[in-house]
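Since the structure of chain A is already known, use the hints to place chain B on it.
The chain contents come next:
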Amino acid sequence: MARFAVRRIGQMLVVLFAVSVLTFLIFNVIPGGDPALRMAGKQPDPGQLEVIREEWGFDEPVYVQYYETMKKVFTGELISYSTQQDVMDEIWSRAPRTFALALGAAILWMLFSIALGVFTAIRAGQFSDRFLTVLALIGISMPVFWIGALMNYYIGFKWGILPNGGYVEFTDDPWEWFKHLLMPWTALSILFIGVYSRILRSNVLDTMNDDYVRTARAKGLSERQVFRRHVLRNSLIPIVTLWGLDFGAVLGGGAILTETVFDLQGVGQYAAESVDQLDVPPVLAITLFGAFFIVLLNTVVDIMYAALDPRIRLN
Amino acid sequence: MARDQADFALEVPAAIPAKAGGASIAGAGPWRLALRRLKRNKTALVFAALFVVLVGMCLAAPLYADHVAHTDPYKNHLTDKIVIDGKKTDVVSLDGVPIGPTWQGEFFLGADTNGRDTAVRLLYGGRNSLLIGVSAALITTLLSVIVGAIAGYFRGFTDTVLSRALDVIWAFPVLLLGVALGTALTISGLDIGPIHVSGESKWVPILIIAVVYVPYMARPIRGQVLSLREKEFVEASRAQGAGHFRIMFSEILPNLSSIVIVFFPLMVANAILLEAALGFLGVGVKPPEPSWGTMIGDGVDRILSGPHLAIVPGAMLVLTVLALNVFGDGVRDAFDPRSKIQLER
Chain A
576 MARFAVRRIG
586 QMLVVLFAVS
596 VLTFLIFNVI
606 PGGDPALRMA
616 GKQPDPGQLE
626 VIREEWGFDE
636 PVYVQYYETM
646 KKVFTGELIS
656 YSTQQDVMDE
666 IWSRAPRTFA
676 LALGAAILWM
686 LFSIALGVFT
696 AIRAGQFSDR
706 FLTVLALIGI
716 SMPVFWIGAL
726 MNYYIGFKWG
736 ILPNGGYVEF
746 TDDPWEWFKH
756 LLMPWTALSI
766 LFIGVYSRIL
776 RSNVLDTMND
786 DYVRTARAKG
796 LSERQVFRRH
806 VLRNSLIPIV
816 TLWGLDFGAV
826 LGGGAILTET
836 VFDLQGVGQY
846 AAESVDQLDV
856 PPVLAITLFG
866 AFFIVLLNTV
876 VDIMYAALDP
886 RIRLN
Chain B
13 MARDQADFAL
23 EVPAAIPAKA
33 GGASIAGAGP
43 WRLALRRLKR
53 NKTALVFAAL
63 FVVLVGMCLA
73 APLYADHVAH
83 TDPYKNHLTD
93 KIVIDGKKTD
103 VVSLDGVPIG
113 PTWQGEFFLG
123 ADTNGRDTAV
133 RLLYGGRNSL
143 LIGVSAALIT
153 TLLSVIVGAI
163 AGYFRGFTDT
173 VLSRALDVIW
183 AFPVLLLGVA
193 LGTALTISGL
203 DIGPIHVSGE
213 SKWVPILIIA
223 VVYVPYMARP
233 IRGQVLSLRE
243 KEFVEASRAQ
253 GAGHFRIMFS
263 EILPNLSSIV
273 IVFFPLMVAN
283 AILLEAALGF
293 LGVGVKPPEP
303 SWGTMIGDGV
313 DRILSGPHLA
323 IVPGAMLVLT
333 VLALNVFGDG
343 VRDAFDPRSK
353 IQLER
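The listed protein sequences derive, respectively, from chains A and B.
Numbering-wise, this note's numbering comes out as the position in the first sequence, counting from 1, plus 575.
Numbering-wise, this note's numbering comes out as the position in the second sequence, counting from 1, plus 12.
Chain A extracted, bound-state conformation (with noise of 0.2 Å):
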C-alpha cells in the first residue's frame, strides 16, 4: 500500500510538472506578438511594457522565462497588471466562497442524482422512467449561465422569493448565507444531475443482472435487502469516483459561470473578471492552481481507492 501511494505520488509530481509547463507554454508561447503587451493588459503604458520585459524574462531564453513565470507565481509575487492588485492575495480571499459554493452544490447534486438514478432504475420503461429521462436530458442540454441568470431574474429580481445574487459570509448571518447561496448551488446542480442519475440509472440496472446479487436473491435476502446492501452500493463505485473528480474541477475553476451570474464575488467570478479585461496574470494564475487542485485530488482518490480494493494496486 504505501509502495502504491509513493509511485502515485511520484507520477503525480511529474504530471504537476507537465501542466506548469503547459500552462507557461498557453500564456507565453503558443500566442503570436509581444508576450510582455499581453501580460499588460488592455491599456499598457511604454514604461510598464520595459519593466515587465524586464522582470518576466521575455528576452531571455525559454527555460530562463519558465523559471522566472513559476517563481512569480509560487513566490506570491505576481501582480495584475491593470488593477495593480496582488493575484494571490486576492484569490486566497475570494476561496472561501468558492468553497462554499463547491461544497453545497456536490451535496445537493449528489443527493438529487441518487435518488432521481434509483427512482427511474427502478421504474425502468414506465411513463415516470422516460419523463425523468427526458428531464435529465435537458439539464445536460442547458448552459449554467443561462438557466442561472433566468432564476436570477424571475425567483430572484422579479418575485422576489430569494436574494438575486451576492454573498453574505457565514459568519455574518447563516441564514442569509444559506439563502444567498441555494440558487447557485441548484443552478450548478442541473448539469451534474442529469449525468450522474443517467450514469446511475444504467448502473442499477447492469448490476441487478449481476451473479452475486442473484446469489443474494437466493439466499434468502428481502428484495429491499439486495438492493441496498448489493445492488446499489456496488452501483455507486463509479458516481463516487466521478464525485471526487468533478467536486475538485468545481473548485479548480469549474463554477465560473455559475459565480459571474449570480455575483458571488469567487475565484471563478476573478477569473471571469479578469477574462473581460484581458488581463492575463490573474487567469494564468487561477489556470495553473485549478489544473493543480484537480491533479491533487485525483492522486488522493486514487491512494483512498487502493486502500479500499486491492485490485487497484496490483494493476
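Any given hint could turn out to be false.
What the hints assert, rightly or not - No farther apart than 20 Å at their CA atoms in a straight line, the calculated lysine to any residue pairs in the SDA-like style are these:
no. : chain 1 : residue 1 : chain 2 : residue 2
1   : A       : LYS754    : A       : GLY679
2   : B       : LYS54     : A       : PHE702
3   : B       : LYS54     : A       : GLY700
4   : A       : LYS733    : B       : ILE315
5   : B       : LYS214    : A       : ILE605
6   : B       : LYS298    : A       : GLN618
7   : B       : LYS298    : A       : GLN852
8   : B       : LYS54     : A       : ILE605
9   : A       : LYS733    : B       : VAL109
10  : A       : LYS733    : B       : ARG314
11  : B       : LYS54     : A       : LYS733
12  : B       : LYS298    : A       : GLU848
13  : B       : LYS298    : B       : SER213
14  : A       : LYS733    : B       : SER239
15  : B       : LYS298    : A       : ASP851
16  : B       : LYS54     : A       : ALA699
17  : A       : LYS733    : B       : ILE158
18  : B       : LYS54     : A       : LEU710
19  : B       : LYS54     : A       : LEU712
20  : B       : LYS54     : A       : PHE706
21  : A       : LYS733    : B       : ILE323
Keep in mind the hints are simulated off the structure, nothing from the lab.
Relative to chain A, chain B alone:
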C-alpha cells in the same frame, strides 16, 4: 483508478448479427442492423428532424432577413418606429428599453438594446454557433482518431508519450482551459507555421474547442484500437504480409467508424455548449458578429430591460443541444446496444 483501457472492447461489428438474432436476419450487415434499430427509435428520429429543421432555419437566415424582416443582423434601428396594431411604437424607447416580441414580420422576437432585430440575429448567430460546433467536432474527431490510432496501434514508447500528453490536457477543467487559451489567443492571435490567425477570427474558438475535447475522445479510441489490433482478422492481414500502413487503413480505421458515429453528435452538442460559454465570457465569437453564446451574454447583462433578450437565444441553444443529445443517445443505442462506448470523463 482503472483508467487503463486495455480491457475496453467494443463488439466487433461483424460479431453483432450473431448476437442480435436468429435466421430471419441472417445476411443483414451491422450497418443495416443499426439503421433498423435507429428507425424503430421514434423519439430519436423526431429530434433528428428537429435538428435538421433548426439547421435549415439558420441556413435560411439571409432569406428571412431580406424578405421578411427587411434588415440585417448588424443594422441599428435605435431611432426607428414600427407600426403595431395601427399605433406607432419606438423600437427602442427613450429610456433605452427595447421592444419585445411583436409576432409580425419585422422585430418578430423584438429588438436588442441597439435596436437590432433579435430574430435576424438569432438566425445569423445560429449559423456561427453551428459552424463552430460542427467544425470543432470534426477537428476533434480527426485529431482523436489520429492520436488514438497511433497510440493504440504502436503501443510502447509512442503510446506512453501520447497518452501522457493527453493526461496533461485532461488535468485542466475544460472550461478553464478554454478560457485560458481564449484569453491568450484573443490578444495576440495564433501563428501556425506560415498561417496567421487573428484573435478576432472564428478559427480561434474552433481550434480551442477542438483541442480541449481531444483527450475525452482519443482515450476511448485508443482503447478500441488496442483491442482491435489483437483480433484474428488483423492477425490474418499481418500473416498475408500487409504492412503497418495497410493494416491501419484497411483493417483498423474502418472498424473505428461505429465509435466515431456514436461520439459525433454528442461532440457537436458539447462543442456548441462550450462555444456558448466562451462567448458568454467574451472570448468566443467577437462582436458585432452574433452567436448564441454572445447573445445570451448580452441578454444576461441587460436582462432588466427585457428578459426576452436572454430567453430567446438560450431557448434556441437548448433546443438544438437537446435535439443532438437525444438523437446521439438513439445513435448510441443503435450502434452500441450494450453501451460500451463511453466518453471519458
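Do the hints match the structure? See the list:
1. A/LYS754 / A/GLY679: holds, 12 Å
2. B/LYS54 / A/PHE702: Given pair B/LYS54, A/PHE702 holds - Cα atoms ~16 Å apart, limit 20 Å.
3. B/LYS54 / A/GLY700: With a Cα-Cα distance of about 15 Å, the restraint between B/LYS54 and A/GLY700 holds, given a limit of 20 Å.
4. A/LYS733 / B/ILE315: holds, 11 Å
5. B/LYS214 / A/ILE605: It holds: about 17 Å lies between the C-alpha atoms, which stays within 20 Å.
6. B/LYS298 / A/GLN618: At roughly 19 Å apart (the allowed maximum being 20 Å), A/GLN618 and B/LYS298 satisfy the hint.
7. B/LYS298 / A/GLN852: holds, 14 Å
8. B/LYS54 / A/ILE605: Judged against 20 Å, a Cα distance of about 47 Å means the pair is violated.
9. A/LYS733 / B/VAL109: holds, 17 Å
10. A/LYS733 / B/ARG314: holds, 14 Å
11. B/LYS54 / A/LYS733: Between B/LYS54 and A/LYS733 the Cα gap is close to 40 Å, so the pair fails against 20 Å, i.e. violated.
12. B/LYS298 / A/GLU848: holds, 17 Å
13. B/LYS298 / B/SER213: The given pair, whose Cα atoms are some 8 Å apart, holds under the 20 Å limit.
14. A/LYS733 / B/SER239: Violated: A/LYS733 and B/SER239 sit about 57 Å apart, past 20 Å.
15. B/LYS298 / A/ASP851: This hinted pair holds, its Cα atoms lying about 12 Å apart.
16. B/LYS54 / A/ALA699: holds, 18 Å
17. A/LYS733 / B/ILE158: Given pair A/LYS733, B/ILE158 is violated - Cα atoms ~52 Å apart, limit 20 Å.
18. B/LYS54 / A/LEU710: Satisfied, since the Cα-Cα distance of roughly 18 Å is no more than 20 Å.
19. B/LYS54 / A/LEU712: holds, 16 Å
20. B/LYS54 / A/PHE706: Holds - the C-alpha atoms of A/PHE706 and B/LYS54 are around 15 Å apart, at most 20 Å.
21. A/LYS733 / B/ILE323: holds, 15 Å
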